[in-house]
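Number of protein chains: 2
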Amino acid sequence: MRRPLTPSDRRILRVLQNDGRITNAALAEKVGLAASPCLRRLKALEDDGVIEGYRAMVNRKALGLEVEAFVFIKLEQSEPGWRTRLVERLKGYEEVIACYALAGEVDLIVHAVAKDIESFGEFTMNRLLTLPGVADVRSSFVLSSIKPPGAVPVPDHA
Amino acid sequence: MRRPLTPSDRRILRVLQNDGRITNAALAEKVGLAASPCLRRLKALEDDGVIEGYRAMVNRKALGLEVEAFVFIKLEQSEPGWRTRLVERLKGYEEVIACYALAGEVDLIVHAVAKDIESFGEFTMNRLLTLPGVADVRSSFVLSSIKPPGAVPVPDHA
DNA sequence: AGTGAAATGACCATAAT
DNA sequence: ATTATGGTCATTTCACT
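Chains as they are written, first to last, in full-length UniProt numbering: chain A, 1 to 158; chain B, 1 to 158.
Be aware that one or more of the hints could be misleading.
Pairs involving identical chains hold if they fit within one copy or between any two copies, as the list cannot separate such chains.
[Claimed, not checked] Heads up, simulated EDC-like pairs for lysine to aspartate or glutamate below, C-alpha to C-alpha not over 20 Å straight-line:
#, residue 1, residue 2
1, K61, E105
2, K43, D19
3, K30, D136
4, K43, E88
5, K115, D47
6, K43, E94
7, K115, E66
8, K61, D156
9, K61, E76
10, K91, D48
11, K115, D156
12, K74, D47
13, K74, E105
14, K43, E79
15, K30, E122
16, K74, E46
17, K61, E46
18, K30, E46
19, K30, E79
20, K61, D116
21, K30, D116
22, K61, D48
23, K30, E88
Read the hints as simulated data drawn from the structure, not as lab findings.
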């Protein structure tokens with residue numbers, strides 16, 4: 001059972017989602033706490049799994065990854081074991097920066113990046129379509145990031 | 001014009017994508033640099049926009065956000081101005097944690113969260129479907145996060 | 001509040017262009 | 001010579017008890 005979040009906890013989460021590398025001293029000042037209790041709350045949020053980690057957001061184009069796409073996958077009827085292994089393979093591909101199982105028409109949505117269209121093609125043709133259990137693969141290229149992956153809203157009441 | 005990334009830069013990016021809050025001292029040790037040059041490279045990566053920011057990854061369920069979904073939007077033929085305003089409205093919704101313009105069947109993909117199905121319904125019915133210029137809205141709930149939003153691959157050569 | 005660690009800036013060394 | 005890299009040291013600031 002997890003403690004309910006205090007208003008301070010919520011302020012901490014809001015700040016840390018926008019600047020995950022802020023020092024504890026500056027964080028404390030922003031949320032209106034002294035450094036010491038602020039640090040204790042931060043550790044508690046980490047220990048409780050409310051904060052799952054911290055990540056630098058890297059500009060993919062700066063790394064020469066010019067292509068970003070969503071891949072919509074439909075699966076064949078198949079034994080559960082196949083599905084597990086398919087999903088494990090998917091997770092292993094470094095082109096896959098996120099992947100979700102969905103309810104509805106499409107079974108899996110894959111968020112992928114690649115350095116160019118050619119290597120993206122190689123990825124879908126040789127490494128997605130060939131996975132056993134895959135019935136259909138459709139890709140849509142990202143034209144623009146309207147709102148880049150961002151903060152989850154922190155409601156005032158839990 | 002951006003400097004090419006050095007091998008040290010790449011190591012820094014790989015580490016920081018997995019632990020965005022690592023101290024500079026520990027980062028330096030991991031990538032095999034002294035603290036001072038390590039910090040200088042880090043700042044340069046930030047200044048050049050290679051690192052766009054740092055974010056605490058927050059467990060949405062800990063915040064009472066039980067529902068996660070992808071919303072696929074098709075737009076009507078319309079003047080460019082309408083589209084711009086539609087996109088601005090979309091960006092403003094706190095339920096929208098990411099949004100992309102796509103090539104293909106679907107024009108926009110919206111990654112959204114909500115506290116329950118009812119409030120998600122309110123969001124799609126009252127705040128998405130009513131946007132001028134929207135022709136079609138389809139939602140798929142996320143059943144599981146197979147691979148949570150993660151690191152972009154950092155190739156050895158740019 | 002105090003102590004040990006970290007961040008940060010000034011300055012030097014080396015190598016490649 | 002200039003530019004880009006990395007290192008060392010001294011000082012300030014921070015983390016954490």
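>> Tell me the hint numbers this structure goes against, listed in increasing order.
In response: As far as the earlier hints go, 1, 3, 4, 5, 6, 9, 10, 12, 14, 15, 16, 19, 21 and 23 are violated by this structure, in ascending order.
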